[in-house]
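Construct the entire structure; sequences and hints are all you get.
These are the residues of each chain, in order.
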Amino acid sequence: MNDPQRFEYVVRLGDNALVLGQRLGEWIGNGPELEEEMAMGNFALDYIGQARLFLSYAAELEGAGRDEDQLAFLRDQIDFRNVLLLEQPNGDFGQTIARQFFFESYYVLFLEALTASSDKRLAEVAARGLKESAYHLRHATQWMVRLGDGTEESHQRIQQSVDELWRFTGEMFSGDEIDRWAVDNGVGPDPATLRPAWDTRVNEVLQTATLTRPDNDWMHTGGKQGRHTEHLGYLLTEMQFLQRAYPGAAW
Amino acid sequence: MSKQQWPLFEIFVRAKSGLSHRHVGSLHAADEVMALDHARDLYTRRGEGVSIWVVRSSAITASDPFDADSLFDPAEDKIYRHPTFYEVPDGVENL
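Protein chains in written order, with our numbering: chain R, 1 to 251; chain A, 1001 to 1095.
Careful: at least some of the hints might be erroneous.
[Stated by the list, open to error] Computed beta-carbon distance windows for the label pairs:
(1) A/G1091 with R/A123: 54 to 60 Å
(2) R/A123 with A/L1019: 45 to 51 Å
(3) A/R1056 with R/A113: 52 to 58 Å
(4) R/A127 with A/L1019: 24 to 30 Å
(5) R/E26 with A/A1059: 32 to 38 Å
(6) R/A64 with A/D1031: 49 to 55 Å
(7) A/A1015 with R/P4: 44 to 50 Å
(8) A/S1017 with R/W251: 51 to 57 Å
Honestly, the hints are just simulated from the structure, not real lab data. No residue lacks a Cβ here, since even glycine has one placed at the ideal position from N, Cα and C.
Set out below in structure tokens:
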């Protein structure tokens, strides 16, 4: 492989999309309302679509004869590079919304920066994803406010989800040598630079939703390097079952 | 948990600029803003539209089916209301 950093960078993007897409897909058949279930399914497909673009590109970069499916279904947990936030369980509807809100608030900023990437393939995917995520964020923001400023129970439950997931938000802004490589080569932004705009947006919405911003700033990291929480293994077991049990099975 | 049904909304989608909005179906939502989002997710997934209207079903006043005879039958034998008695002059392309 002549471009290992680029491969690593693209796999991270692909895994974020894949794992979140899988999580959102888990709502199919379980949504609180038919309409919201459809919305979750749409979002899931948006992400699976992105994951395909990223991972097929990664497979080309790797040049080892693997394709997007093999990267998605035949890698083990330690080879996954998604941030920890996205592998956290759906929980109740509010917890999914809180996860979605934290991530999309970051992701629209990230994709916006990625549209200016020196890597044209990534810039194209970013332009497409940006429109999708702008809508996802609108949806999540509305629900944050509805639940936070809703009933006593909805307020208490969404606050609990915010508190629970907060410790995973910092990883999105923590860079390592791969991010430095991306910045040096004009491929992607320094994640830390996205933080102020994220803080502004999150503070604004939390306030509108009458929610309290957690003051705990100790953050879990490691997902980008392949050190995951216990939840990813279960997700992969379900997602990869078919290809593991019936190698090469196709529609 | 008591399950209270969200109100029903009727959804109208404009397929492209220049056409009128057409009724495509209905859905449940807590309010108009949510209804727009749900309509986007349910009725424009395959590129069906460029604009959406939502209106509460309760805001619609419908004609009574039992009145159909008096409302609609009288129009049936008024063939002169159809513009079929004019001769179209040669050379007129658009009428």
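Status of the given 49 to 55 Å range, CB of A/D1031 versus CB of R/A64: Since R/A64 and A/D1031 have Cβ atoms about 52 Å apart, the given range 49 to 55 Å holds.
Range agreement (Cβ of R/A123 with Cβ of A/G1091, hint 54 to 60 Å): At 55 Å between Cβs, range holds.
Verdict for A/A1015, R/P4 (Cβ pair) under range 44 to 50 Å: 48 Å, holds
Range hint compliance [Cβ, A/R1056 to R/A113, 52 to 58 Å]: 41 Å, violated
A/S1017 versus R/W251 beta-carbon gap, inside 51 to 57 Å or not: Since the Cβ atoms of A/S1017 and R/W251 sit about 37 Å apart, the hinted range of 51 to 57 Å is violated.
R/A127 paired with A/L1019, Cβ distance criterion 24 to 30 Å: Cβ of R/A127 to Cβ of A/L1019: about 28 Å, so the range 24 to 30 Å holds.
C-beta pair R/E26, A/A1059: status relative to the range 32 to 38 Å that was hinted: The hinted range 32 to 38 Å holds for R/E26 and A/A1059, with Cβ atoms some 37 Å apart.
CB-CB spacing for A/L1019 and R/A123 relative to the 45 to 51 Å hint: Between R/A123 and A/L1019, where Cβ atoms are some 34 Å apart, the hint is violated.
Checked against the numbered hints given earlier, the structure breaks hints 2, 3, 8 and satisfies all the rest.
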